[in-house]
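Please work from the sequences and hints to get the whole structure.
2 protein chains.
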Amino acid sequence: MSIQYQNCLIAQSGGPTVAINASLAGILSASRASGKIGRIYGALNGIQGVLSERFLELDALLTAAPDGFLTALKHSPAMYLGSCRYKLSDPDTPSSDYAAIFSVLERLQIGYFFYIGGNDSMDTIKKLSHYGALHHSPIRFMGVPKTIDNDLPATDHAPGYGSAARHIAASVLEMAYDTYIYNTPSVLIIEIMGRDAGWLAAASALARTKDSRAPHLIYLPERNFSNEAFLSDIKGLLSRQKHIVVAVSEGIRYADGSYVSADTAAKDQFGHATLNGAGKFLEHFIACEIGCKVRSVELNILQRCAAHLASSTDLDESFRLGEAALNGALEGRSGQIPVILRLSDNPYQIQLAYTSLDEIANQEKHVPSEWINEAGNDVTNDFIQYALPLIQGIPQPVPNWENGLPVFPSVCHLLQT
Amino acid sequence: MSIQYQNCLIAQSGGPTVAINASLAGILSASRASGKIGRIYGALNGIQGVLSERFLELDALLTAAPDGFLTALKHSPAMYLGSCRYKLSDPDTPSSDYAAIFSVLERLQIGYFFYIGGNDSMDTIKKLSHYGALHHSPIRFMGVPKTIDNDLPATDHAPGYGSAARHIAASVLEMAYDTYIYNTPSVLIIEIMGRDAGWLAAASALARTKDSRAPHLIYLPERNFSNEAFLSDIKGLLSRQKHIVVAVSEGIRYADGSYVSADTAAKDQFGHATLNGAGKFLEHFIACEIGCKVRSVELNILQRCAAHLASSTDLDESFRLGEAALNGALEGRSGQIPVILRLSDNPYQIQLAYTSLDEIANQEKHVPSEWINEAGNDVTNDFIQYALPLIQGIPQPVPNWENGLPVFPSVCHLLQT
Numbered sequence: 009m010s011i012q013y014q015n016c017l018i019a020q021s022g023g024p025t026v027a028i029n030a031s032l033a034g035i036l037s038a039s040r041a042s043g044k045i046g047r048i049y050g051a052l053n054g055i056q057g058v059l060s061e062r063f064l065e066l067d068a069l070l071t072a073a074p075d076g077f078l079t080a081l082k083h084s085p086a087m088y089l090g091s092c093r094y095k096l097s098d099p100d101t102p103s104s105d106y107a108a109i110f111s112v113l114e115r116l117q118i119g120y121f122f123y124i125g126g127n128d129s130m131d132t133i134k135k136l137s138h139y140g141a142l143h144h145s146p147i148r149f150m151g152v153p154k155t156i157d158n159d160l161p162a163t164d165h166a167p168g169y170g171s172a173a174r175h176i177a178a179s180v181l182e183m184a185y186d187t188y189i190y191n192t193p194s195v196l197i198i199e200i201m202g203r204d205a206g207w208l209a210a211a212s213a214l215a216r217t218k219d220s221r222a223p224h225l226i227y228l229p230e231r232n233f234s235n236e237a238f239l240s241d242i243k244g245l246l247s248r249q250k251h252i253v254v255a256v257s258e259g260i261r262y263a264d265g266s267y268v269s270a271d272t273a274a275k276d277q278f279g280h281a282t283l284n285g286a287g288k289f290l291e292h293f294i295a296c297e298i299g300c301k302v303r304s305v306e307l308n309i310l311q312r313c314a315a316h317l318a319s320s321t322d323l324d325e326s327f328r329l330g331e332a333a334l335n336g337a338l339e340g341r342s343g344q345i346p347v348i349l350r351l352s353d354n355p356y357q358i359q360l361a362y363t364s365l366d367e368i369a370n371q372e373k374h375v376p377s378e379w380i381n382e383a384g385n386d387v388t389n390d391f392i393q394y395a396l397p398l399i400q401g402i403p404q405p406v407p408n409w410e411n412g413l414p415v416f417p418s419v420c421h422l423l424q425t
Numbered sequence: 009m010s011i012q013y014q015n016c017l018i019a020q021s022g023g024p025t026v027a028i029n030a031s032l033a034g035i036l037s038a039s040r041a042s043g044k045i046g047r048i049y050g051a052l053n054g055i056q057g058v059l060s061e062r063f064l065e066l067d068a069l070l071t072a073a074p075d076g077f078l079t080a081l082k083h084s085p086a087m088y089l090g091s092c093r094y095k096l097s098d099p100d101t102p103s104s105d106y107a108a109i110f111s112v113l114e115r116l117q118i119g120y121f122f123y124i125g126g127n128d129s130m131d132t133i134k135k136l137s138h139y140g141a142l143h144h145s146p147i148r149f150m151g152v153p154k155t156i157d158n159d160l161p162a163t164d165h166a167p168g169y170g171s172a173a174r175h176i177a178a179s180v181l182e183m184a185y186d187t188y189i190y191n192t193p194s195v196l197i198i199e200i201m202g203r204d205a206g207w208l209a210a211a212s213a214l215a216r217t218k219d220s221r222a223p224h225l226i227y228l229p230e231r232n233f234s235n236e237a238f239l240s241d242i243k244g245l246l247s248r249q250k251h252i253v254v255a256v257s258e259g260i261r262y263a264d265g266s267y268v269s270a271d272t273a274a275k276d277q278f279g280h281a282t283l284n285g286a287g288k289f290l291e292h293f294i295a296c297e298i299g300c301k302v303r304s305v306e307l308n309i310l311q312r313c314a315a316h317l318a319s320s321t322d323l324d325e326s327f328r329l330g331e332a333a334l335n336g337a338l339e340g341r342s343g344q345i346p347v348i349l350r351l352s353d354n355p356y357q358i359q360l361a362y363t364s365l366d367e368i369a370n371q372e373k374h375v376p377s378e379w380i381n382e383a384g385n386d387v388t389n390d391f392i393q394y395a396l397p398l399i400q401g402i403p404q405p406v407p408n409w410e411n412g413l414p415v416f417p418s419v420c421h422l423l424q425t
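Residue numbers (our numbering), protein chains in the order written: chain A, 9 to 425; chain B, 9 to 425.
Be aware that one or more of the hints could be misleading.
One copy or any two copies: either way a pair holds, since identical chains are not told apart in the list.
[As the list claims (entries may be wrong)] Here are the computed lysine-lysine pairs in the PhoX-like style, where the Cα-Cα straight-line distance is at most 25 angstroms: (1) Lys250 / Lys95; (2) Lys301 / Lys95; (3) Lys243 / Lys301; (4) Lys44 / Lys301; (5) Lys218 / Lys44; (6) Lys250 / Lys373; (7) Lys95 / Lys373; (8) Lys373 / Lys44; (9) Lys44 / Lys95; (10) Lys373 / Lys301; (11) Lys373 / Lys243; (12) Lys301 / Lys250.
For the record, the hints were derived by calculation from the structure and aren't laboratory data.
Predicted model, so just to flag it, every value in this text is computed and none were measured.
Below is the structure:
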C-alpha cells in the first residue's frame with residue numbers, strides 16, 4: 009500500500025539499556041539524511057504517550073539542538089523518550105485503545121511508526137501492525153530491537169547486551185582484584201541480571217585474563233541448580249585456591265522450578281518478605297556450610313545504565329539498526345524489524361537483515377545447551393567466541409566529561425510530566 | 009640518627025582503594041630517581057608478610073618489567089602487594105612480633121620502611137616507629153595515607169576518596185537517568201559505604217547537573233536518623249515530583265545509636281540473621297508506608313575498586329604522596345606521614361606537608377556539621393566546593409584497554425601464596 013503521510017512517530021518501551029538511545033539517534037539521523045520525512049514526533053513513555061497525546065517535536069528539537077546532540081544522545085543511558093509497560097489487547101478483539109491510537113496517528117498525519125524495545129514492546133508494535141493491516145492503514149510499523157537480556161530470537165544478539173556485558177566483565181575483573189588482596193580463603197558471589205536467560209551472567213566469563221581466572225564458577229538459569237553440587241564445587245576449588253569468584257544469574261532455579269533465593273522464610277520487622285535474591289541466599293549458605301569469608305554483590309541496575317562503560321560495537325550497531333528501520337520503512341517495509349546476522353566471529357563481521365515481527369515478539373532465546381559445560385558451572389569457549397566481539401571498543405568520539413561526570417542530554421521533558 | 013642501611017621495605021594494608029597502588033608507584037619512581045636506595049622489598053599482605061617473610065623483590069621486578077609498568081600499576085585497583093588486618097600490641101609492652109619484625113628488617117638490611125594504609129595501618133607503622141625509637145633503631149618509618157572513607161585527620165583529604173567519589177557520582181547520575189524513564193512515582197535508595205563518616209555518601213551530591221537534581225535527599229551518619237522525618241521528607245517530595253533518588257550512608261543510626269538496618273528481625277531459612285543494610289530496610293519501609301515503586305541499590309565494593317572511573321587528581325596526588333614519603337625519609341624524617349594541605353578550592357591548589365603519625369593514627373575525621381543542612385537531609389554548597397576538585401580528570405595517559413577490559417598488572421604473586 010502506498011504511503012499517505014510523511015510524518016514519523018518514534019517511541020521507546022520496556023527496560024532501559026545504554027544503547028536504546030543510539031537506535032533513536034540512528035532513526036533521527038537517517039530521517040534527516042533521507043529528506044523524505046516531515047515532522048518527527050517522539051511519544052513520551054511509549055504507547056501510553058500516544059494514548060495520552062504527550063509528544064516531543066523531535067524535528068524542531070533537532071534543528072535547535074547544539075552540534076553534537078545526536079552523538080550525546082547516542083552515548084546516553086536509559087530512554088530519552090521515557091518508557092512504559094503496557095499490554096495491548098489482541099487486535100482481533102481490539103480494546104478501545106486501538107481506535108484511540110489510530111485516531112491520534114491520523115491527526116498527526118503519521119506515515120511511519122517506530123517502536124524500540126524488547127520482547128514485550130515487539131508485541132505492541134506487532135499488534136498495531138496487525139490491526140493496521142486489518143483496517144487497511146497505509147502506516148508502516150517497524151520494530152527496533154533492544155534488550156540487555158539478549159533473549160530476542162531471530163537476531164544474532166540484541167542491542168544493549170554488548171554494553172551490559174562489557175560493564176559486567178570489567179566490574180567482575182575489578183572486583184576479582186579486590187578479592188585477591190587478603191591472605192585468607194574467601195568466596196565472592198556476584199548476582200547478575202537475567203530471570204530466564206543466562207546471557208548476562210555468562211558474560212562474566214569475559215572478565216578472564218591471562219592473570220585472573222575469575223569468575224571461577226558460573227551458574228545460569230538454563231541448568232537446574234543444586235545446593236549440593238554448588239557446595240561441592242566450592243569445596244573442591246577451596247582445596248586448591250584461596251579466592252573464589254562466583255557469577256550467578258538472578259534467575260537460577262532448582263529442579264522443581266523454585267527460585268534460589270532467601271525470600272521464602274526471611275521477613276523484615278514489618279513482617280514483609282525480604283527480597284533477597286540468589287546471591288544473598290548463597291552467601292548465607294556458604295557462611296553456614298563452610299564458614300569462610302563470603303560476600304555477595306548484586307550488580308543491580310548499573311549493568312543496564314552504566315553508559316560510561318558502553319561498548320562502541322554495541323552503540324554503533326544500535327545506531328545502524330535505527331537507520332535500517334527508517335530506511336526499511338521508506339523502502340515499503342512494515343510489520344518488520346531489522347536484525348543482526350553474524351558472518352564471522354574473527355574477524356567479527358555482521359550484516360543487517362529484516363525479519364517479520366511475528367518471528368521476534370513474545371519469544372525468548374536461551375543460552376544454547378552446548379555453550380554450557382557438562383558440570384553446569386561454566387560456559388564453553390564457543391560462548392566466549394560469540395560474546396567477545398560484542399564488548400569491544402571504547403566509544404569514539406569519547407563521550408564528553410564535565411566535572412568528572414559523563415555529559416548526557418537533558419531529560420527535563422520526562423521530569424516535568 | 010644516621011641511616012645504617014640503604015634497602016627499602018614497602019607494604020600495604022587495610023581496605024583496598026583504586027589509588028593505593030599509585031602511592032606504591034610513587035615510592036618506586038622516587039626510589040629510582042634518587043639513586044640512593046639499594047634493594048626494594050615488597051612485603052606480601054602487609055605486616056603479616058614481614059612476619060612470615062614473604063617478599064617480592066621489587067627492584068628486580070621493576071628492572072625486568074616492560075615499559076609502562078609503573079603507569080599500569082598507578083592505574084590498577086586493590087593492592088599489588090596484598091593486604092592484611094593485623095593489630096600490633098603496644099610497643100611499650102611489646103609482643104614477640106616486634107623482635108621478629110626487627111630481626112627480619114635487620115637481616116634484609118632495611119633502612120626505610122613505608123606502610124601505605126588508613127587509620128589502623130597508621131597505628132601499625134606508628135607503633136613500629138615508637139618501638140624503633142625506644143631501641144635506638146636507625147630505620148626510618150614512614151606512613152603513606154589512603155582510605156576511600158576520607159576519615160583521616162591532618163590531611164585535607166585522603167588518597168582513594170576522590171576516585172571513589174567519582175565512581176559514586178557517575179553511578180548516581182546514570183542510575184538517576186534510569187529512574188526517570190517511567191511515568192509512575194518511584195523512590196530509588198542508594199546505599200553507600202561509610203560506617204562512621206559520611207564523606208562517601210555526601211559525594212553523591214556531585215552527581216547533580218543542571219538537568220538532574222538527584223540525589224534529592226542525602227543522609228549521613230553524622231546526624232541521627234529518624235524514620236518519621238525520612239517518611240515526611242519522601243512524602244513532601246512525592247507531592248511535587250515523580251522520581252526521588254536517595255543516598256544513604258551504610259552507617260546511618262537512630263538517636264539511640266542503633267544502626268538503621270533490617271538485621272534485627274530478618275532471618276533466612278537457616279535461622280541466620282540476614283545482613284540487610286540501611287538501603288534494604290528503607291526500601292521495605294517505603295513499600296509498607298507509601299506503597300509506591302521502590303528499589304534499593306548497594307554500590308558495594310565497586311565504589312572502592314572501579315579503577316576505570318578513577319579521578320586523575322586522586323591518582324596523581326597519591327603518586328606524589330608516595331614520592332614525598334620516599335624523599336622525606338631520605339631527608340631524615342621518621343615517624344611521619346606526608347599529607348595534603350589545600351591552598352584554594354578554585355582554582356584547586358594543594359601543597360604537600362609532613363605530620364607526625366601520632367596526629368593521624370586511630371583517629372577519625374567526620375563531615376563538619378556546618379556542611380550538612382539544617383534538616384539533616386542534604387549537604388551544603390561548601391561541601392560541593394570541597395569535593396568537586398577531587399573527582400576531576402580522566403587519567404592520562406588513558407589506561408590501556410584490551411578486549412573491552414582495563415589492563416592491570418598481574419597479581420599472580422598474590423594468587424600463588
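Against the structure, the hints:
no. : hint            : result
1   : Lys250 / Lys95  : between (49 angstroms within a copy, 22 angstroms between copies)
2   : Lys301 / Lys95  : between (46 angstroms within a copy, 19 angstroms between copies)
3   : Lys243 / Lys301 : within (13 angstroms within a copy, 40 angstroms between copies)
4   : Lys44 / Lys301  : neither (63 angstroms within a copy, 42 angstroms between copies)
5   : Lys218 / Lys44  : neither (52 angstroms within a copy, 35 angstroms between copies)
6   : Lys250 / Lys373 : neither (36 angstroms within a copy, 35 angstroms between copies)
7   : Lys95 / Lys373  : within (21 angstroms within a copy, 53 angstroms between copies)
8   : Lys373 / Lys44  : neither (36 angstroms within a copy, 63 angstroms between copies)
9   : Lys44 / Lys95   : neither (32 angstroms within a copy, 74 angstroms between copies)
10  : Lys373 / Lys301 : neither (36 angstroms within a copy, 29 angstroms between copies)
11  : Lys373 / Lys243 : neither (33 angstroms within a copy, 42 angstroms between copies)
12  : Lys301 / Lys250 : within (11 angstroms within a copy, 41 angstroms between copies)
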